[in-house]
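A.B. asks: Each chain is listed here by its residues.
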Amino acid sequence: MPGKLKAKIVAGRHLPVMDRASDLTDAFVEVKFGNTTFKTDVFPKSLNPQWNSEWFKFEVDDEDLQDEPLQITVLDHDTYSANDAIGKVYIDIDPLLSCEAATVISGWLPIYDTIHGIRGEINVLVKVDLFNDLNRFRQSSCGVKFFCTTSIPRCYRVALVHGFVEELVVNEDPEYQWIDRIRTPRASNEARQRLISLMSGELQRKIGLKVLEMGGNAVVGYLQCFDLEGESGLVVRAIGTACTLDKLSPGTAPNTTTHTNTHTLPNTAPTSNACNSPSKDSKEPVFSEDPPHSLSGPPTPLRTLPSSSPPPFSPSKPCSRQSSSSDTDLSLTPRIGMGSGGSVGKEAGPLKTLLRQHTQSALEQREFPIFTLTCFPPGFLVHVGGVVSTRSVKLLDRIHNPVLGNTRSYKLLDWNSVAADEPETRDAWWEEIRQEIKSHAKALGCHAVVGYSESTSICEEVCILSASGTAAMLNPRFMREGCLDTGGSDHRLSRQPHPGMVGSERGEGEVSSTWLGFEDASPPSCGFVHIPYDEFNMPFPAQLTYCYHCRRQKVPDVLFTTIDLPAEAEVTGKGCLIQARLCRTKKKAQGEVNATSISNLLPFMEYELHTQLMNKLKLRSMNALFGLRIQISVGENMLLGLASATGVYLSALPAPGGIQIAGKTPSDLSYDQHISTMQKRIDDTIAKNKELYNIHPPKLFTLDPEAFTGLNTECIEEVVGSPIPDRQRSSRLFRSTSESSDELSELDLSHGKKDAFVLEIDDTDAVEDIQSLLTDAPIPAGFYSCNTEVMPGIHNWTSGLQMFTSVRVYRLSNANLTNQGLNKIFTDLCENLLKSLYFKLRSMIPCCLCHLNFTVAVPEEELIQVAVTAVAMSFDKETQQAADKALTREGFVCFPGSGENEEQLQFSMELCGESTISNNQPTAKPSGVPESAMVHSSRAPSVDYGSFADRCSTWLELLRLKAHTIRRGSVKTSRRTQLLAHSVSSSERCSPLPEGRSRSLRSTRSLPCGAPVTVVKMTPLSFLPGTRIVKYLGIINMFFIRETTSLREEGGVSGFLHSFIAEVFAMVRAHVAALGGNALVSYSMKECVFMENPNKNQAQCLINVSGDAVIFIRESDQEAIPPLLTSRQTSSTGADGTT
Amino acid sequence: MSVELDVFVVNTTIMDEEVYQLWLDGYTGLGHNINQLTHIDILDTVIHQSYESCYLSAPSSVNDAVKVRMEGGVLEGCEASAEVLHSDTMDQYRTFQMCERLLHSPVKLANQLLFQIPPHRQVMLIERYYAFDSVFVREVLGKKLSKGTKKDLDDVSAKTGVTLKSCRRQFDNFKRVFKVVEELKGPLVENIRQHFLLSDKLARDYAAIVFFANNRFETGKKKLHYLTFQDFAFCAGQLISNWTVGALDNMVEDMDVDLEKEFLQDLKELKILITDRDLLDQHKSLVCTALRGKTKAFNEMEANFKNLSRGLVNIAAKLTNTKEVRDFFIDLVEKFIEPCRSDKWTAGDMRLYLTHYTNSAHVLDTFKHQVVWDRYMGVIKSCILKMYHD
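From first to last, the protein sequence lines are chains X and G.
With the first letter of the first sequence counted as 1, position 1009 gets the number 1009 in our numbering; the numbers rise by one all the way through.
With the first letter of the second sequence counted as 1, position 36 gets the number 36 in our numbering; the numbers rise by one all the way through.
These are calculated hints, taken from the structure and not from any lab test.
Check before you lean on any hint, since a few could be wrong.
[Claimed, not checked] Straight line, CA to CA, 30 Å or less: simulated DSBU-like cross-link-like pairs of lysine-lysine:
#1 X/K45 to G/K179
#2 G/K386 to G/K318
#3 G/K143 to G/K222
#4 G/K386 to X/K45
#5 G/K223 to G/K185
#6 G/K284 to X/K824
#7 G/K268 to G/K201
#8 G/K335 to G/K294
#9 X/K127 to G/K108
#10 G/K143 to G/K185
#11 X/K39 to G/K175
#12 X/K45 to G/K318
#13 G/K294 to G/K271
#14 G/K147 to X/K45
#15 G/K284 to X/K8
#16 X/K586 to X/K1086
#17 G/K185 to X/K45
#18 G/K381 to G/K201
#19 X/K1096 to X/K877
#20 G/K144 to G/K159
[To be verified] Far from chain X, some chain G residues (derived; all Cβ distances over 10 Å):
#21 S2
#22 V68
#23 D88
#24 Q97
#25 E182
#26 G186
#27 L202
#28 H225
#29 N307
#30 G348
#31 Q370
Idealized CB from N, CA, C, for every residue including glycine.
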């Protein structure tokens, strides 16, 4: 079915001089879509041409609309010779195909040339008229929304999670075609850019089709990757999670202001009686302000779940035991000799899985119960088992390759028809891997994998495929048709206490009963850490204790996950980035030998990385890792391993023991001395870290008899001291080489009754470990870092934010380095990079580097490339302390996680209470006091450049306000909030308009007024602090190649890459702005391949970036949006006051 | 192990003002491909030879900048090493180098897409880029902004202590502004402000520089050395707003850069004040009457009146000749300021004298050129008052 694509070329500016004689340019534009091309007139002798063309109309299939980019070429007209190309713009039409995304692309876009970079800008207008196709057999999937964000997008509500979708397409790489020998580098680069654009489009369309088949309307956590396999081709693959999303209308939008969900109210306020009885809800101001956002009527005390809920999903014990043992068969199979066939064990996998399929769960029937999400609606995640990961080494086969010299064009479809078996090979590889992941998850007693991601590392013809995720138990409610509401009702439910049920239904170790009834919707904040597997038949050795929070369920001593910290999790202190780095040399080899040696090395690397992580975690006195990402990169003569994660202290898990150093043969005195000094250093570091990260685990002794038993049997011991073979220590990271559960079941827990993690120093590895432990430079004061979305323990972000990318390439000058030497170099390299970041961002202190994403590669022999992308977000220290203090005084248990939620809840209400009381009728309403007893402190209103003056001028006013607040017995005070309150109230005073009106007036005033260039914020996170995302405009997925033959003149490799990255940022920003957006969230730079040849003065670089274009509004403006809401609030608070 | 490549790119371009100043001051980035701290000295010379024309002026390069920053105590409080500082300096220098092209036409900076720079930072970047050293500008003020002058910049650099790189930047700025403004109609200061987005103060200074360069006023003579750039800038401002075509009518086709020909012709008529004996005596007695008893230097004033008056009127009469225009300031100093100074007039004396000297001419019956006289003396008075200091 056709759609009509319309494009209009308005003008150009800053064009380069193409005619040396006149210092001017005679520019015209070619607009191409598919095989149709239009041209504008030549605009003579100008660097700022005004074409103002007619509307060029393309009538095309919607299938093409999805696949093809609109290609705009700017040329210089030459009467006598061929026209010179100035540059191109590729426009992805996809965002225009969904009715909920953008409607028009309009704005200045940089004209890009692969040799010269950005050369001026062009102003275009693009629209699409789409006639909806209801044909069942259609090949297009217009309207399916794509999100890179790995959580439920902010202004949507998830109705249903359908599950895993994946697709891959393969093509010949134009760079390796015969024609490349005769065409110019520019032509070759453009062919490649265009091809990848086409392939991405096709991939997205195909995934969309799968989603439609499943009945979904969106893909969340869409992850697209390129494998540049060289001569064997180019693979574009993508995975994602199919969902059915409902758009929240602005009026009912929950006040999910930032990263955490306001609707989860963890049971962390034991002193607050509000959660004890629903009837008190309406009276308790602390809790009453949130419901109006999500519930239209007065709070319903108790909303029951649909009674028709199918039988709860419950994996029975025998099942999980069985699964773990059968998994053993799989995982014991060593992966050697990875040809195209894959490992032997896997063949048995799917079969067995089929045999013992759990019929009771809809989820289990899925082929891959895998989710790319890392952040979940409250209640979704029931239990988390641990990290599951799989790696597989493959040889890129050339058999499928067409004979070189084939004159076939690289048009996508042609290729597919000829080498149709090619994608299947790749498909099969990934299928194997996913099966393995699934079986690992089963071994952990889990039915699903969340936080799932896939990656590859390619060197010559060897390819390592990796996948990792977190085994988890999910709430089946979200998988069923007709299950709803992550919003209001959940919130209501989660606040209902179930004293009876909790006690009665939860037998010790009886996991199966926990998903019944209301418990579905109200997982305790500690629920996700409870073990999903069978206590008596653990898949790996771990010390179990009773949960430190609920005292009812067993929890492991340490938890590793790939997901973000769940909003409901209680964390003590702050978190920090923990990295394990490893370098292993390997002999140069070819083909199978090479693959074998790599796959032999892999398990050892994983083990060592894991040990390092564990040691560093202990050193920081933490007990859980989130966002774990292990990357193993292969080079010709070495393997690099880099594991990054965010360590936290989960209050529900036992306190980690220290690290104890033990000499095996305590022979002489000096040796002992040495050990004791080492021990002292380690102990000191641990103490220091505890202070630094504010880890002071609360000693909560509830008078729960069961809890007491838990306490008595509490064992903080570590397994590692136990006489099980070394390799087993690493089993928490599930690999295919993990040990059998038979062995595990024999494990006697009493073996490990030591209170510390023991490092035996005789072991050279241990020495190395200790060295690396202690050489990690401390983070400078004022900085925090993490690789997750947000830092636990920090809530009051300001709007100050800075996204950055840093790339470094190191040359190893010494050819004969030992493993140890390499390790040292690699560690230093990462540490130096971090130090450098801290220094460069020092102006943002206090700040936190969030979503620190390291990518390592070995682009050439002796070269190590490290690329980092992250966002630095500053936060308000004073407010933070004030908030903490106030919370403590209020009698709340000072769990940062809970504190945050409290603050959020109070936010909007406070604003309105403050202003009304302090300005309109300062004395008339003494009864209003209780509502404003707490001043919201976090979520500073965003302040634009140069608003400081405003701030100063209102300072006196503030003091006055403050006095008011204090008089009324407020405990928490915050400069920023009052500011906000003031700015609202001041406008009220000037106008006698009702509150709602005056607010909307204010908002119109603060609308961005005709700035020359829209400021576009970019962040790898899924949110912007202090703002609310009101619209998702579509996915941005761009691929650029830049090449130079004058490397020195462009400032060397650094100059070249610096300007290229800056250009990529600029193009991304311009495209976001053209879609009407003002930010790109979930930004990631997935590929940054850099190649140089300094002797030839040449370099080439490929960059792939992606993210979600969005429109956000400042939280302060947001108040103005639903005037209805505010008035309702006022009335409700007023009513409260009188009661 | 060596760092082969090291870049740090941010979405919102942040620039350290201190490093920016170092860069502007000519602590030049080495042709940016050299990142190796250890080899920098050896490579310096090589690079210096091959890249001097493009990137370099001072061989000591970015290391200097790093050293200055270290001495400035940047590292205090940060656990960072010289290596980190070097990397940071290189990053910033690269950014500046990429920005430089845009700074050449500041209007572009506001609507370019390559760097996302907050507006107030843009203002800072432009303002600092176009700022100049008064010692340097004093050397080239009134000179032709030509290639020849540019070639002599190394002498200027040696003399003033401003790095050659910085000298070149400043010189190029002057030239760029001159070229753009030269052909434009309308008020000079306003044109500069609009095309280069400079602050009012800086735009006025540039207007002065352009004006001086255009009229080639001599400022380099030894006798003028005591005058600062600000003195000249003030005088230029006076001349621009009173003696140019645009001074009378902003809408006039012509521009602000040239003195009004007709006015200069009219000035010849003032000669009557000194050629006509009666008029000269009458003028003198009027002035003396007014001054008597009001100043200690009265006697010297009375004695020198004719000389001084001849000096000023002769300057006026000669201005039709472009060559003489160039000597305007030197003439003012030689013919008027120096005699007064040797008679130890105070600034107050000077003001008093000039006021009465100007006003008395109105009372003269036979003197018909009041308008021209006022237009001339108004400027002369304020210029002399500005220039009358040690």
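A.B. asks: For the pair we were handed, X/K45 and G/K318, check the Cα-Cα distance against 30 Å.
C.D. replies: violated (46 Å)
A.B. asks: Run the C-beta distances from G/S2 to all of chain X and say if the shortest one exceeds 10 Å.
C.D. replies: Contrary to the label, G/S2 does not stay out of reach of chain X, its closest Cβ about 5 Å off (not over 10 Å).
A.B. asks: Hinted pair, alpha-carbon criterion (30 Å max): G/K284, X/K824. Please report holds or violated.
C.D. replies: violated (92 Å)
A.B. asks: Holds or violated: X/K586 with X/K1086, Cα cutoff 30 Å?
C.D. replies: Holds, because 27 Å separates the two Cα atoms, which is no more than 30 Å.
A.B. asks: Compare the distance between the alpha carbons of X/K39 and G/K175 with 30 Å, and conclude whether the hinted pair is satisfied.
C.D. replies: Violated, at about 40 Å.
A.B. asks: Check the non-interface label on G/G348: least C-beta distance to chain X beyond 10 Å or not.
C.D. replies: holds (41 Å)
A.B. asks: Decide if the proposed pair is consistent with the structure: G/K223 and G/K185, CA atoms, cutoff 30 Å inclusive.
C.D. replies: Given that 30 Å is the threshold and the Cα spacing comes to 35 Å, the pair is violated.
A.B. asks: Does the no-contact call for G/E182 survive, Cβ to all of chain X over 10 Å?
C.D. replies: holds (17 Å)
A.B. asks: Mind checking the alpha carbons of G/K386 and X/K45 for me, to see if they're no more than 30 Å apart?
C.D. replies: It is violated: about 48 Å lies between the C-alpha atoms, which goes past 30 Å.
A.B. asks: Measure nothing beyond the straight line between the CA atoms of G/K381 and G/K201; if it is 30 Å or shorter, mark the hint as holding.
C.D. replies: holds (22 Å)
A.B. asks: With d taken as the least Cβ-Cβ distance between G/H225 and chain X, does d exceed 10 Å?
C.D. replies: holds (41 Å)
A.B. asks: Quickly compare the C-alpha distance for X/K45 and G/K179 to 30 Å and report which way the hint goes.
C.D. replies: Since the Cα atoms of X/K45 and G/K179 sit roughly 20 Å apart, the hinted pair holds (cutoff 30 Å).
Of the numbered hints given earlier, the model fails hints 4, 5, 6, 7, 11, 12, 15, 19, 21, 23, 24; all others are met.
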